[in-house]
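Engineer: Below, each chain spelled out in residue letters.
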Amino acid sequence: MKSLFLRDIKLAFRSGGGFGLTLAFFLIVILFVPLGVGADNAILARIAPGILWIGAILSCLLSLDRIFQLDFEDGTLEALATSPLPLESIAASKAAAHWITTGLPLTIIAPLLAYLLQLPYAGYFWLISSLLIGTPALSFIGTFAAAVTVGVKRGGLLLSLLVLPLYIPTLIFGAQTVIRATISLNPMPALLLTVGISLFSIALMPFACALALKVNLK
Amino acid sequence: MSLWEYANPVKFMALSGRVLPVLTIMSAVLLVAGLIWGFFFTPDDYKQGSTVKIIFLHVPAAMMAINAWVMMLVASLIWLIRRHHVSALAAKAAAPIGITMTLIAIATGAIWGKPTWGTYWEWDPRLTAFMILLVFYLGYIALWEAIEDKDTAADLTSILCMVGSVFALLSRYAVNFWSQGLHQGASLSLDKEQHVDNAFYFPLLVCIGAFILLFFTLVLLRTRTEIRLRRAVALANRRNSHG
Amino acid sequence: MSLSVQNISCLRAGRAIFENLSFDLKKGDCLVLRGPNGSGKTTLLKTLAGILPSATGEIHCDPAQISYAGHLDAIKAQLTVRENLTFWAGIYDAGNLDRVLSEFDLTTLADRYGQTLSAGQRRRLGLARMILTECQIWLLDEPTNSLDAEHAAIFAKAVNKHCSNGGVAVLSSHIDLHIPNTQTLDLSDFAPTGATETDPFLQGGFS
Chain A
1 MKSLFLRDIK
11 LAFRSGGGFG
21 LTLAFFLIVI
31 LFVPLGVGAD
41 NAILARIAPG
51 ILWIGAILSC
61 LLSLDRIFQL
71 DFEDGTLEAL
81 ATSPLPLESI
91 AASKAAAHWI
101 TTGLPLTIIA
111 PLLAYLLQLP
121 YAGYFWLISS
131 LLIGTPALSF
141 IGTFAAAVTV
151 GVKRGGLLLS
161 LLVLPLYIPT
171 LIFGAQTVIR
181 ATISLNPMPA
191 LLLTVGISLF
201 SIALMPFACA
211 LALKVNLK
Chain B
1 MSLWEYANPV
11 KFMALSGRVL
21 PVLTIMSAVL
31 LVAGLIWGFF
41 FTPDDYKQGS
51 TVKIIFLHVP
61 AAMMAINAWV
71 MMLVASLIWL
81 IRRHHVSALA
91 AKAAAPIGIT
101 MTLIAIATGA
111 IWGKPTWGTY
121 WEWDPRLTAF
131 MILLVFYLGY
141 IALWEAIEDK
151 DTAADLTSIL
161 CMVGSVFALL
171 SRYAVNFWSQ
181 GLHQGASLSL
191 DKEQHVDNAF
201 YFPLLVCIGA
211 FILLFFTLVL
221 LRTRTEIRLR
231 RAVALANRRN
241 SHG
Chain C
1 MSLSVQNISC
11 LRAGRAIFEN
21 LSFDLKKGDC
31 LVLRGPNGSG
41 KTTLLKTLAG
51 ILPSATGEIH
61 CDPAQISYAG
71 HLDAIKAQLT
81 VRENLTFWAG
91 IYDAGNLDRV
101 LSEFDLTTLA
111 DRYGQTLSAG
121 QRRRLGLARM
131 ILTECQIWLL
141 DEPTNSLDAE
151 HAAIFAKAVN
161 KHCSNGGVAV
171 LSSHIDLHIP
181 NTQTLDLSDF
191 APTGATETDP
201 FLQGGFS
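Residue numbers (this note's numbering), protein chains in the order written: chain A, 1 to 218; chain B, 1 to 243; chain C, 1 to 207.
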């Protein structure tokens with residue numbers, strides 16, 4: 001399992017791995033917001049928490065179809081399925097590697113982009129915490145959707161349609177954490193709910209994912 | 001002879017062929033009766049006037065929008081556990097009906113909302129939840145359409161329905177949580193059922209009954225169509241493989 | 001270590017591919033699958049590997065001892081030959097990379113990236129994984145595709161060595177590999193008779 005995890009991280013950083021694309025996309029989405037809604041600092045500060053969370057989710061979406069697709073196409077997934085590694089572990093390892101190469105970097109650059117969007121100072125700690133805690137849920141739910149669509153040719157669009165509704169609770173709890181912090185409400189309940197959704201996804205998604213992989217390998 | 005025997009396509013076709021005409025007539029009669037009673041033989045609301053009568057469409061449609069998903073979940077689980085083909089096809093057949101009910105609920109809600117609150121759309125938790133249900137239906141239907149092999153499609157959509165149900169339910173509660181922060185002291189409550197008096201209650205019950213029957217009629221009809229389609233494909237495959 | 005199969009049948013998209021297939025392999029046996037395209041060689045190997053379900057019958061073997069190589073070589077283009085093998089060594093918790101590299105004539109290629117390998121080199125790397133896994137049962141789908149005569153002989157030697165060490169191998173191949181003690185199974189002998197309707201939708205009428 002460690003071997004698979006390390007290999008996935010290594011592949012993400014090699015050429016064509018798409019590591020930089022995620023961050024570049026996040027940057028562009030954030031750049032688009034003032035261009036689209038105008039450079040009014042008060043408005044930007046008000047919508048910054050939501051925009052940062054939506055931007056992070058959209059950036060995360062970009063790399064989801066790579067989780068299984070490449071391994072499926074070159075026969076690695078089939079070979080892995082017959083290895084001693086259970087499909088559940090394969091799914092969990094893939095999701096963890098996706099988080100390391102997507103969720104974690106997004107969390108790290110989020111404060112910088114938050115500054116550009118004039119996020120009130122009260123929000124920074126909660127932005128970082130909510131992303132750090134919430135993005136694993138994005139990776140684990142996304143891995144499930146990637147497993148469902150792995151057999152579909154050019155399934156990227158379908159994958160987005162399947163996974164975005166599943167992201168709704170994470171988006172709400174994550175963004176609410178930051179919003180509540182910026183309007184002087186207690187952000188703790190929202191953060192705890194984010195923790196809940198993350199733990200729930202980490203615990204159960206690998207099993208659903210293994211079910212879907214088994215069907216798709218037939 | 002167990003109930004499961006009817007999950008065999010041949011048995012199902014025979015039984016549903018006999019049940020369908022009865023169901024069709026019953027749902028048509030109930031629907032016409034319920035709507036006429038509701039629209040023409042109930043008093044106007046003292047505050048909302050006659051606009052309130054749209055509940056006879058709105059409430060049953062909204063209920064069936066959710067119940068259709070629940071039925072899909074049950075049918076999906078039966079497929080995953082017992083591998084009954086009819087069950088998988090019934091789930092597939094229910095989805096477009098569910099999405100239509102969702103759209104009817106949203107549309108009638110909008111029409112009702114304009115005279116009542118002065119707007120067609122409000123990001124009220126209930127309205128938002130129906131919008132979310134709509135996108136869950138869209139994803140489910142899109143997955144059925146995208147996969148060539150129908151048994152694989154049945155497996156994957158069933159798994160998606162299972163996981164989707166959990167997340168749809170979570171979204172429902174997340175939306176309640178979300179709206180607290182934004183609209184303090186919700187000025188517009190959609191909980192109309194709570195102050196419905198008896199004059200509305202009985203015709204509403206008839207309409208709900210009619211929609212339930214209508215739903216089952218349509219599911220049976222569509223499932224029969226799906227079975228015929230599968231049979232046509234299976235026959236074509238057999239002919240091709242025998243040269 | 002043995003691989004025993006009793007009365008298995010396989011379906012693809014509701015159609016039977018083969019029916020009532022049985023065989024019994026003991027230590028050191030090598031089974032070569034023959035049959036025209038579409039007779040189910042790949043399907044049988046995938047069924048033995050546990051990827052596909054069998055509609056009937058039973059398969060007796062230790063799943064942990066199975067190592068499967070399909071049509072595709074499971075090679076990552078962005079990893080070197082050595083990295084590719086290190087990855088599989090990690091999955092199977094096995095060592096001895098250098099011995100495996102030299103056995104398949106890959107030592108000089110060790111630092112080349114997967115994307116620069118020729119079809120034959122990729123195939124050799126794919127097969128090198130089999131030795132690395134140290135599994136007792138090899139399932140190989142057309143292993144000699146794109147191998148030249150010299151490397152096909154090296155491969156045959158590797159299979160022979162595997163079997164003489166008590167391993168079991170099942171492979172499909174168009175060419176004769178001259179492996180001693182091989183049994184042959186012609187899948188067209190197990191073609192479905194059409195007597196059993198497998199697709200439930202073929203029964204009954206349209207109304």
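There may be inaccurate statements among the hints.
Unchecked claim - Derived lysine-lysine pairs resembling DSS-like cross-links, with alpha carbons at most 27 Å apart:
| id | chain 1 | residue 1 | chain 2 | residue 2 |
| --- | --- | --- | --- | --- |
| 1 | C | 157 | A | 214 |
| 2 | C | 27 | C | 161 |
| 3 | B | 114 | B | 11 |
| 4 | A | 2 | A | 214 |
| 5 | C | 76 | A | 218 |
| 6 | C | 157 | C | 26 |
| 7 | C | 26 | C | 161 |
| 8 | C | 76 | A | 2 |
| 9 | A | 153 | A | 214 |
| 10 | A | 10 | A | 153 |
| 11 | A | 153 | C | 161 |
| 12 | C | 26 | A | 10 |
| 13 | A | 153 | A | 218 |
| 14 | C | 157 | C | 27 |
| 15 | A | 214 | A | 10 |
To be verified - Derived Cβ-Cβ restraints for the label pairs, each shown as a range:
| id | chain 1 | residue 1 | chain 2 | residue 2 | range |
| --- | --- | --- | --- | --- | --- |
| 16 | B | 238 | A | 192 | 38 to 44 Å |
| 17 | C | 58 | B | 11 | 48 to 54 Å |
| 18 | C | 119 | A | 23 | 55 to 61 Å |
| 19 | A | 154 | C | 15 | 24 to 30 Å |
| 20 | B | 198 | A | 40 | 51 to 57 Å |
| 21 | A | 13 | B | 15 | 56 to 62 Å |
| 22 | A | 28 | C | 99 | 33 to 39 Å |
| 23 | C | 120 | A | 192 | 54 to 60 Å |
| 24 | A | 154 | C | 205 | 37 to 43 Å |
| 25 | C | 120 | B | 238 | 39 to 45 Å |
| 26 | B | 233 | A | 164 | 29 to 35 Å |
| 27 | B | 70 | C | 28 | 55 to 61 Å |
| 28 | A | 188 | C | 115 | 48 to 54 Å |
| 29 | C | 22 | B | 238 | 25 to 31 Å |
Derived by calculation from the structure, the hints in this document are not laboratory data.
Quantities reported herein were computed from a predicted structural model and do not represent experimental measurements.
From the three backbone atoms N, C-alpha and C, an ideal C-beta is built for every residue, glycine too.
Engineer: All hints are to be evaluated individually against the structure, with a verdict given for each.
Structural biologist: Cross-check of the supplied hints:
Distance restraint check for residue 157/C and residue 214/A: the Cα-Cα separation of roughly 34 Å exceeds the 27 Å cut-off, and the hinted pair is therefore not satisfied. Of the supplied pair hints, the one linking residue 27/C and residue 161/C holds, its CA atoms being roughly 12 Å apart against a limit of 27 Å. Among the hinted pairs, residue 114/B with residue 11/B is inconsistent with the structure: their alpha-carbon atoms are about 49 Å apart, more than 27 Å. Straight-line distance between C-alpha atoms of residue 2/A and residue 214/A comes to about 21 Å, which keeps the hinted pair within the 27 Å bound.
With a CA separation close to 22 Å, the supplied pair residue 76/C and residue 218/A stays within the 27 Å bound. Restraint check for residue 157/C and residue 26/C: the C-alpha separation of about 19 Å stays at or below 27 Å, so the hint holds. Between residue 26/C and residue 161/C, the direct Cα distance comes to roughly 15 Å. Compliance with the 27 Å bound is thereby established for this hinted pair. Restraint check for residue 76/C and residue 2/A: the C-alpha separation of about 17 Å stays at or below 27 Å, so the hint holds.
Taking the CA atoms of residue 153/A and residue 214/A, the gap is about 17 Å. The hint holds against a cut of 27 Å. Restraint check for residue 10/A and residue 153/A: the C-alpha separation of about 25 Å stays at or below 27 Å, so the hint holds. Among the hinted pairs, residue 153/A with residue 161/C is inconsistent with the structure: their alpha-carbon atoms are about 41 Å apart, more than 27 Å. Note on residue 26/C and residue 10/A: the hinted pairing is violated, with a Cα-Cα distance of about 41 Å set against a maximum of 27 Å.
Distance check on the hinted pair: residue 153/A and residue 218/A sit about 16 Å apart at the alpha-carbon level, within 27 Å; holds. At most 27 Å may separate the alpha-carbon atoms for a hinted pair to count; residue 157/C and residue 27/C meet this at roughly 17 Å. Simply put, residue 214/A and residue 10/A have alpha-carbon atoms about 26 Å apart, close enough for the 27 Å limit, and the pair holds. The hinted window of 38 to 44 Å between residue 238/B and residue 192/A is violated, with their beta carbons roughly 58 Å apart.
The given range of 48 to 54 Å is broken by residue 58/C and residue 11/B, whose C-beta atoms sit roughly 30 Å from each other. Hint check: residue 119/C to residue 23/A, Cβ distance near 36 Å, so the stated range 55 to 61 Å is violated. Distance hint check: the CB atoms of residue 154/A and residue 15/C are about 27 Å apart, consistent with the given range 24 to 30 Å. The hinted range of 51 to 57 Å is satisfied by residue 198/B and residue 40/A, whose Cβ atoms lie roughly 54 Å apart.
Taking the beta carbon of each, residue 13/A and residue 15/B are about 60 Å apart, inside 56 to 62 Å as hinted. At roughly 50 Å, the beta-carbon separation of residue 28/A and residue 99/C lies outside the given 33 to 39 Å, and the hint is violated. One distance hint, 54 to 60 Å for the beta-carbon pair residue 120/C and residue 192/A, holds here, with the actual separation near 58 Å. Between residue 154/A and residue 205/C the beta carbons are some 38 Å apart, a value that agrees with the proposed interval 37 to 43 Å.
The hinted window of 39 to 45 Å between residue 120/C and residue 238/B holds, with their beta carbons roughly 41 Å apart. Distance hint check: the CB atoms of residue 233/B and residue 164/A are about 32 Å apart, consistent with the given range 29 to 35 Å. Distance hint check: the CB atoms of residue 70/B and residue 28/C are about 57 Å apart, consistent with the given range 55 to 61 Å. For the hinted restraint 48 to 54 Å between residue 188/A and residue 115/C, the CB-CB distance of approximately 50 Å keeps it satisfied.
Evaluation of the 25 to 31 Å hint for residue 22/C and residue 238/B yields a pass: the beta carbon distance comes to about 26 Å.
Comparing the model with each numbered hint stated earlier shows that hints 1, 3, 11, 12, 16, 17, 18 and 22 do not hold.
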